[in-house]
Amino acid sequence: MRQDHTTLNIHTNRQGLFELTKQIKAWVLGTGINTGMLTVFCRHTSASLMIQENADPDVQYDIETFFKQLVREDPSLYTHTNEGPDDMPGHIRSVLTDVSLSIPVIGGAPVLGTWQGVFLYEHRARNHDRQVVLHLMGD
Amino acid sequence: MRQDHTTLNIHTNRQGLFELTKQIKAWVLGTGINTGMLTVFCRHTSASLMIQENADPDVQYDIETFFKQLVREDPSLYTHTNEGPDDMPGHIRSVLTDVSLSIPVIGGAPVLGTWQGVFLYEHRARNHDRQVVLHLMGD
Amino acid sequence: MRQDHTTLNIHTNRQGLFELTKQIKAWVLGTGINTGMLTVFCRHTSASLMIQENADPDVQYDIETFFKQLVREDPSLYTHTNEGPDDMPGHIRSVLTDVSLSIPVIGGAPVLGTWQGVFLYEHRARNHDRQVVLHLMGD
Chain D
17 MRQDHTTLNI
27 HTNRQGLFEL
37 TKQIKAWVLG
47 TGINTGMLTV
57 FCRHTSASLM
67 IQENADPDVQ
77 YDIETFFKQL
87 VREDPSLYTH
97 TNEGPDDMPG
107 HIRSVLTDVS
117 LSIPVIGGAP
127 VLGTWQGVFL
137 YEHRARNHDR
147 QVVLHLMGD
Chain E
17 MRQDHTTLNI
27 HTNRQGLFEL
37 TKQIKAWVLG
47 TGINTGMLTV
57 FCRHTSASLM
67 IQENADPDVQ
77 YDIETFFKQL
87 VREDPSLYTH
97 TNEGPDDMPG
107 HIRSVLTDVS
117 LSIPVIGGAP
127 VLGTWQGVFL
137 YEHRARNHDR
147 QVVLHLMGD
Chain Z
17 MRQDHTTLNI
27 HTNRQGLFEL
37 TKQIKAWVLG
47 TGINTGMLTV
57 FCRHTSASLM
67 IQENADPDVQ
77 YDIETFFKQL
87 VREDPSLYTH
97 TNEGPDDMPG
107 HIRSVLTDVS
117 LSIPVIGGAP
127 VLGTWQGVFL
137 YEHRARNHDR
147 QVVLHLMGD
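Chains as they are written, first to last, in our numbering: chain D, 17 to 155; chain E, 17 to 155; chain Z, 17 to 155.
Some clues are possibly wrong.
Claimed, not checked - Below, simulated DSBU-like cross-link-like pairs (lysine-lysine); rule was C-alpha separation at most 30 angstroms, straight line:
1) Z:Lys38 - Z:Lys84
2) D:Lys38 - D:Lys84
3) E:Lys84 - Z:Lys84
4) D:Lys84 - Z:Lys38
5) E:Lys84 - E:Lys38
6) E:Lys84 - D:Lys84
Don't read these hints as lab results, they were simulated from the structure.
Owing to the predicted nature of the structure, the values given are computational and were not obtained by experimental measurement.
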């Protein structure tokens with residue numbers, strides 16, 4: 017049993033979903049670990065993680081639309097407004113989605129289903145540099 | 017330290033919660049691993065996981081009612097509508113609940129609290145065959 | 017590779033967020049495990065976990081306000097009402113947040129970002145004693 021870890025650095029330039037599936041699969045393969053447990057961890061409070069369908073971009077559009085309506089970018093709703101109108105909604109949208117994901121690895125690959133992709137969900141409109149830590153433990 | 021894994025195959029024939037607690041506990045016991053880390057992973061994007069009270073069925077009814085009202089099955093709200101009126105709401109309800117769960121194992125059993133059960137949350141009305149991967153690493 | 021675990025006992029006397037970051041970091045350091053995978057697991061169905069900004073208390077206030085409005089404490093909305101007006105909303109708020117968190121550990125510390133704190137989110141108004149299990153596996 018051994019372990020390995022890395023940090024993905026992702027530059028974001030808009031709100032929305034950025035797919036990480038290929039990068040994650042490539043890193044897992046490169047570790048040489050065949051069977052184990054993969055953790056994906058987002059080190060931010062206004063960006064988060066999500067596993068969702070990566071086939072039809074309409075699904076991603078509808079998910080983003082849902083969150084825009086559920087968590088409004090209206091400063092009159094919040095007390096924490098000094099970091100911009102997209103900051104506090106970003107914290108709440110992060111809470112409603114995921115900060116960490118655990119994915120078993122079998123046969124050298126995460127056991128994602130046919131339609132599952134791993135996404136970074138950026139909640140801020142301006143440019144940001146995001147860090148996602150990958151950790152894998154296994155044989 | 018060693019590891020084991022399996023896949024639960026669950027046939028669903030309605031929207032709602034399907035409890036997996038007994039199957040999960042039985043598999044953990046059968047591995048012979050006394051102390052470790054259990055991961056439960058759902059390989060779908062319109063079914064998800066949830067840990068909630070398994071004593072009073074009214075709790076499960078109220079949770080489902082809440083999600084039906086929060087995420088409406090109204091095709092006029094979505095662009096991704098070609099897979100049926102329950103598909104896009106299913107993706108969103110999956111995002112709001114869990115795709116993976118990590119549960120410590122002590123004394124040969126997951127450390128679930130007295131009232132906690134593990135459920136598969138099926139979001140589609142038609143028959144589906146769902147795969148939930150269990151992975152356990154420990155001693 | 018080895019593992020360790022403990023249970024944090026947290027007394028709560030109000031609804032809201034109780035930060036656990038210091039206790040978690042101190043325990044991780046004390047295990048002597050430098051690199052590994054930390055799991056934080058909440059053994060309850062009306063209290064949950066959350067990673068969020070711990071710098072500006074306004075963020076926590078706004079998050080709690082959002083959940084109070086999204087999941088109303090109005091018994092006419094629920095069938096499970098016999099445990100008090102804050103119980104069923106507590107179950108739903110638990111489902112919308114987290115029951116388990118997986119955090120990689122590097123250099124003897126969880127890889128939390130600069131602004132990330134780990135919180136217990138208590139959903140009940142009366143006094144409660146809560147158990148949060150920590151499990152760490154690594155070298």
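Hint check:
no., hint, result
1, Z:Lys38 - Z:Lys84, "holds, 27 angstroms"
2, D:Lys38 - D:Lys84, "holds, 27 angstroms"
3, E:Lys84 - Z:Lys84, "holds, 18 angstroms"
4, D:Lys84 - Z:Lys38, "violated, 34 angstroms"
5, E:Lys84 - E:Lys38, "holds, 27 angstroms"
6, E:Lys84 - D:Lys84, "holds, 18 angstroms"
The structure shown violates just one earlier hint, number 4.
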